[in-house]
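K.L.:
Can you make the complete structure from the sequences, with help from the hints?
Chains as they are written, first to last, in the working numbering: chain Y, 1 to 168; chain D, 169 to 301.
Please note that a few of the clues may not be correct.
[Said to hold, decoys possible] Computed list of lysine-lysine pairs in BS3-like fashion (alpha-carbon distance at most 25 Å, straight line):
{"hint": "1", "chain 1": "D", "residue 1": "K225", "chain 2": "Y", "residue 2": "K16"}
{"hint": "2", "chain 1": "Y", "residue 1": "K72", "chain 2": "D", "residue 2": "K225"}
{"hint": "3", "chain 1": "D", "residue 1": "K294", "chain 2": "D", "residue 2": "K195"}
Think of the hints as simulated: they come from the structure by calculation, not from any bench.
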Amino acid sequence: MRWIWIDKFLEFQPGKSARVVKNLSSAEDFFADHFPGYPVMPGSLILEGLAQTGGILVGEVNNFREKVVLAKIPRATFHRDALAGEQLIYDVEVLHMRPEGASVQGKVTSDGALVAEAEIFFAHLDQARSKQLFGDQNFVFTGELKRVLGLATMLRERAEGQPETPPT
Amino acid sequence: MPSQEEIYSKVSATLVEALNVDEEDIKPTSTLQGDLGAESIDFLDIVFRLEREFAIKIPRGELFPESIFQGDPEFVQNGRVTNKGLNELRERMPFADLGAFEKNPDISAISDLFTVEMITKYVQGKLGQPSKN
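P.N.:
Here it is, written out as structure tokens:
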């Protein structure tokens, strides 16, 4: 299974905010069990999608050099179930950004109706220490996450008639 | 400038949000780690929330000078804070009540300096300063 819980960036304001779309296809594996006859998107995976959106937003500020890890979710509220076939919009805004970490506010809507809200807190792993533990490789932004943003850049350039930057 | 009670009540509300504790569990003498269960990552969250709540800037290490004794044998010897270390604490944390700690400056008790009252005094000091903007 691929661990990517957002489909496409609709907007990306560096260091400020991002809007992402997540389509809930009936073909998603988890709908088979969660739940038979009532396919509801697990709240934890909605949070993961918000965290991926927020993580890219925060990571992009340092050109993905920093290891941005989800440190805590101080608050999350689920207003209603999101079912197979719905299209979720994730709006994520940066609240705070510092060398040590960052926090973001996320809001999930479906056709304009509020589905969930959460505050997510990211820590920047101390460079020296994380190098000892993990080496030079940035295990957070391994490619898959960055590719979603790369694709959005390419599509925007195509729409604007600019030379395209192929996603890396 | 808000009164000390107003600041205390906002600080309490901030800790309720950051640490997911009940307001009635918060007392001026509550220690953040021992009594309220704060973990290291919570300290940065508290800093973010205080900045937002009071519209102040809290530079890294000012409220929670975590690195104050790291690797300096001048400040800590045999698990106890030296006189020089205590002077450093007084200078760096004028808003902390060092009374009890000075009597038995065991390094393991240093987290007890971080109380609700300490944060309240720190914020009060910040709000009393002329703005640098």
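K.L.:
Give a verdict on every hint.
P.N.:
Against the structure, the hints:
A C-alpha spacing of about 19 Å is found between D:K225 and Y:K16, which places the hinted pair at or below 25 Å, so the restraint holds. With a CA separation close to 22 Å, the supplied pair Y:K72 and D:K225 stays within the 25 Å bound. For the hint linking D:K294 to D:K195, the alpha-carbon distance of about 21 Å falls within 25 Å, and the restraint holds.
Hint compliance for this structure: no hint is broken.
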